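Visitor: Each chain, written out:
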Amino acid sequence: MMKIKDYIPIVGKFIVDDLRILAEKLKSKKIQHVNSTAVGGGVAEILNRMVPLLKELGVETRWDVIKGGSKFFDVTKKFHNALHGKDEGLTADDFEVFLETGRRNEQEMDIWGDIVFIHDPQPITLINKRTDNKWLWRCHVDVSSPDPTVWKFLQDFIFRYDSAIFSAPSFSRQLPIRQFLIAPSIDPLSDKNKELSQETVDATFRKYEVPRDKPIITQISRFDRLKDPVGVIKTYKQVKKHIDSRLVLAGGTASDDPEGQQVLDEVREEAQKDPDIHILLLPQNDIEINALQAGSDVILQKSLKEGFGLTISEALWKAKPVVASNVGGIPLQVKHGYSGLLCNSVEGAAYSIKQLLSNTAYAKKLGENGKEHVRNNFLLTRHLRDYMLVFLSLYHPEDIVCL
Amino acid sequence: MNAQIKAKEPFKFYTRMILPELTGLKADNLEQLLKILKEVSPSAIYHHTHRFLQQHQHLAPEPPNDFAYWVTEVLGEYRLGEKLASIDTVEFSTIEALRVNIVSAIEKYLKENPAAGSRTAHRGEEFYFVKSISFIFPTKHTARDRDEFVDELKKVTISSIYFHVFEARLRLGKGNNDFSFWISTSVGDKAAADKISKLDPYAYTLEDLRMKIIALITERTKK
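So the sequence lines, in the order shown, correspond to chains C and Y.
Per the numbering used here, residue 67 is the first one in the first sequence, and the count goes up by one each step.
Per the numbering used here, residue 1052 is the first one in the second sequence, and the count goes up by one each step.
With the rest of the complex left out, here is chain Y (with noise of 0.2 angstroms):
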């Protein structure tokens, strides 16, 4: 494919940066975990399941998320622990489906072990329920071709390939990545943005992330 293919609209870069917001909301056991996690703001699900992505990026890849971890190290329940770490994220493009399948793991774990339920946090150990506000801004980085949109890549920070990987796909319920959308649709490189849209972001860190993207590209490009 020719990489100097002008796209019919050029890519702006965003960037976005998350302030997180206490609800007051906390729960002592499963049961209360359940209830509150039924109603509360799809924000609050969207924090619980992508801080560690950028709060501990130094880390290796697969983080777990906060329900998992809870549910694991505070109430010692290890087997719905790793049902909850093993929900396989990127499958979701809406945070309420990933609501309903955290949900829907935790009651049938309750059903399965009815005394569970109750089992309670020693005090000061509670699941604190936060919100993530995204505040989303543009960035000077834009990118008319493929080649442009590589170079670019490499320079902006790794909030923006956050934003247009995670936070575009499931918080603004795109379904997509902004990636693959653009290299789809202006770029008309399909099977690149195939690749990139197969990818399970949740798997790298975010530099890992960005090299690896970076690398599909370049791949199409040479061929």
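Chain C with its partners taken away, still in its complex shape (with noise of 0.2 angstroms):
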């Protein structure tokens, strides 16, 4: 388990300070994390890192999970779809649902926090539990055209929480709460973002059979539609017209998420078994996604809805050149040329990894912009800053708060 002075050869010993600086003014507050899932995704593993970290810090906190059935699972998946802007066709029953799973958990759950920090819509329905504590509601989705209903019938719990937290500005609209812009992070440390020897990646690469005889583009995300998974494939094959390389298309599925094989299926349908396309369903194994970014020229993130994207800063704190759709928080972690490339279309894309794959200095200088980028602004230091700092906001309504 990592400990905090381990990020100071990274980040430098004030940001380390400045961790402690906040901690201190939190000693007598109990944080606690409420979300659905304790593996898979990226709440989950921001969660795992966070957690320890801020007890270390001093701030007592603790995680729990909520518990649901795979009805519930398959109206939240709906409710996740419906928030990125699909309509879903969701129906009186699957509220039901989601409402009677939520009057369960907040039976079985016990509220101890002085301040209860829910993450996604799926334990929302706990703020029914609300005495004279602080409530948290942390959107990580694309909620900037979500569908109405859906958006209408969260709206009625959001409005009694304190504060909510988006991920980008798009997200945010008018509310009665006070609402907080915080983006998600990586973990440097971590066996997802540290750094592997030559040996380990090349290991990876033989084991998965991904030769690595020409240009490497990889997507590293769960099988999951608003990836794009197909537009992916798409993409590849007009590179391929031109430049002679290999797709990479590795993720898993998250256990909240019931459609990954259905789409694993449509993907390897469009890949025609075409030998240079390597699709890889991964278990959860941290430094082979690691390995395979390491070991890639250019990395792909053609989403269509993204509510944050840290693949995106995962392959940049490596100094990879990365083409991304403009879509969610993307744009945060790449400026169009600056720090990578990107894109609104399988044409786009297409024309963006044909020039960095062309232009290998232009992608090199690309990558390492990245990668300060990234270090200024999407590390786990970051992160826990603006958490804490939301936690104090929460007893200081004023926008200069002196400490």
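Calculated directly from the structure, the hints in this document are not laboratory data.
Predicted, not measured: the structure shown is a model, and the values here were computed from it.
There could be a bad hint or two in this list.
For lysine-lysine, the following DSBU-like pairs were computed, each having C-alpha atoms within a straight-line distance of at most 35 angstroms [what the hints assert, rightly or not]:
1. C:200 - C:69
2. C:91 - Y:1191
3. Y:1206 - C:95
4. C:401 - Y:1077
5. Y:1077 - C:143
6. C:260 - C:339
7. Y:1089 - Y:1077
8. Y:1063 - C:69
9. C:339 - C:280
10. C:437 - C:121
11. C:79 - Y:1059
12. C:300 - C:137
13. C:152 - Y:1077
14. C:430 - Y:1134
15. C:420 - C:152
16. Y:1063 - C:91
17. C:93 - C:121
18. C:200 - Y:1063
19. C:260 - C:95
20. C:69 - C:437
21. C:218 - C:195
22. C:384 - C:431
23. C:143 - C:300
24. C:430 - C:306
25. Y:1206 - C:93
26. C:260 - C:71
27. C:91 - Y:1077
28. C:152 - Y:1086
29. Y:1206 - C:121
30. Y:1191 - C:200
31. C:430 - Y:1205
From the two separate chains plus the hints, produce the assembled complex.
Guide: Given below as structure tokens:
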């Protein structure tokens, strides 16, 4: 387990000192995080790293997970898609399944935090247990153009929280509660992001039988339609007309995502057994994901919608050139032509990949700029600082807070 | 000047951390931008004119403000973008004065180019207004004379320098940076204080600014 001092060589002593100052101000507060899955997906990944560090800093913190059956997670997956703007045809029964599971969790879960920090819509109804404590709702998804029915349903709960947190300015709208902008983060010391030996990288490519005889384009993401894996293959086919290369499309599925297998089948069909397209259904193995990113020539993230897109920061941290869709939180990480290239279509993505594969010096410069941008803005230490500032803001409504 | 002259009051270094608060307000053309600019919280004007200083601290100086960037890159109004980017923030001692200047630059441009008012940003590229919430904390660093001041200035975070130079002057409305005020009133070295006041802090990266202020004070100490 990493200690807070382990981050000093990466971000500097000053940043860690700031965290200690903040933690001191929160010594008397108890923080309770609640989400819907302990494994898989960005939220669980961040909490796994963040909770121990908050504890080490002296902020009493616990992380609880709600319970739900497959029906509940089918509905919350529909909610997830609907919040991204897709018409999911939700029925009254769907909403009842959601509320019923909510009621069961309200009965079973002990709420003990001075600050209760609810992640995403799944546990949102726990606000019914509000007493005189403070409640935060953290939205990790892109809600820039949500299905109005689902938004209206959730809104009635959201308005009862003290504050909400979104990952990008475009997700905000006028709300009667305070709302803060906090980007998620990557942990530079995690297995997924630490520097690997060349031997480990080579071994991973060997294990998955991906020869490194030509440039490798990689997208790492769950097999989820919103990540547009079929669009990734279409993009690759356009690139391959001009540049002989390989495509690695690698990911797993989260335990709260029932759609994964279906999407995987669609992807395999689109790939049509092209031996240069490597579709890898990975177990949860962060070292291998790290190695695949580190050994690739271009990292692609062709999402149609994106809560934030942490795979971008992961790739940039490895100083890799990135081509990514101009959606959600991605433009916060990729400044077009400076820390990567943004695209809006299959054609645009293919054009950008060709540019990077043909101009290696340019690609290298973008990757280096990207790494510094991530160091300053998207590492776990910045995320910890922002969360502690939000905790303090719950007790200080003013714009300039003197502590 | 004798560097060991004890100050009447010690200088206490503070630091500050910023949390961005979303306002939910957005503009998709110049007319809307102007309307919101006139009414929005001063903390939003401050955010959009100072955000780049910290978020892109490793870059070259002269960071653009968000208004200039959006007007140029999204609306394609290059002439107005240049006008907004060249507003000399250091000339203003209050946010309100800075707001008036930005507003009048846009109004003047719209008068000369009425068609520009309704040119619309693509969906997803609207201007979203964000406020900076500042949390100000005392640090353990204090100085009782200029030598100590230089020593501590080498040790404090760039956020501390940022606070005393930018935030204290403009956001807390003190009209001058804290360093100049202390060196002038407590140490009595008005010449060094004036030199620091005359610096354009927006023309430096924060680390370069630290080195420049240290150099100015050390140079005076040698004399």
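Visitor: Each of the hints needs a verdict: does it hold here or not?
Guide: Do the hints match the structure? See the list:
no.	hint	verdict
1	C:200 - C:69	holds (28 angstroms)
2	C:91 - Y:1191	holds (15 angstroms)
3	Y:1206 - C:95	holds (31 angstroms)
4	C:401 - Y:1077	holds (21 angstroms)
5	Y:1077 - C:143	holds (29 angstroms)
6	C:260 - C:339	holds (33 angstroms)
7	Y:1089 - Y:1077	holds (13 angstroms)
8	Y:1063 - C:69	holds (30 angstroms)
9	C:339 - C:280	holds (18 angstroms)
10	C:437 - C:121	holds (28 angstroms)
11	C:79 - Y:1059	holds (31 angstroms)
12	C:300 - C:137	holds (33 angstroms)
13	C:152 - Y:1077	holds (23 angstroms)
14	C:430 - Y:1134	holds (34 angstroms)
15	C:420 - C:152	holds (32 angstroms)
16	Y:1063 - C:91	holds (19 angstroms)
17	C:93 - C:121	holds (10 angstroms)
18	C:200 - Y:1063	holds (33 angstroms)
19	C:260 - C:95	holds (32 angstroms)
20	C:69 - C:437	holds (22 angstroms)
21	C:218 - C:195	holds (20 angstroms)
22	C:384 - C:431	holds (12 angstroms)
23	C:143 - C:300	holds (26 angstroms)
24	C:430 - C:306	holds (21 angstroms)
25	Y:1206 - C:93	holds (26 angstroms)
26	C:260 - C:71	holds (16 angstroms)
27	C:91 - Y:1077	holds (34 angstroms)
28	C:152 - Y:1086	holds (33 angstroms)
29	Y:1206 - C:121	holds (27 angstroms)
30	Y:1191 - C:200	holds (31 angstroms)
31	C:430 - Y:1205	holds (33 angstroms)
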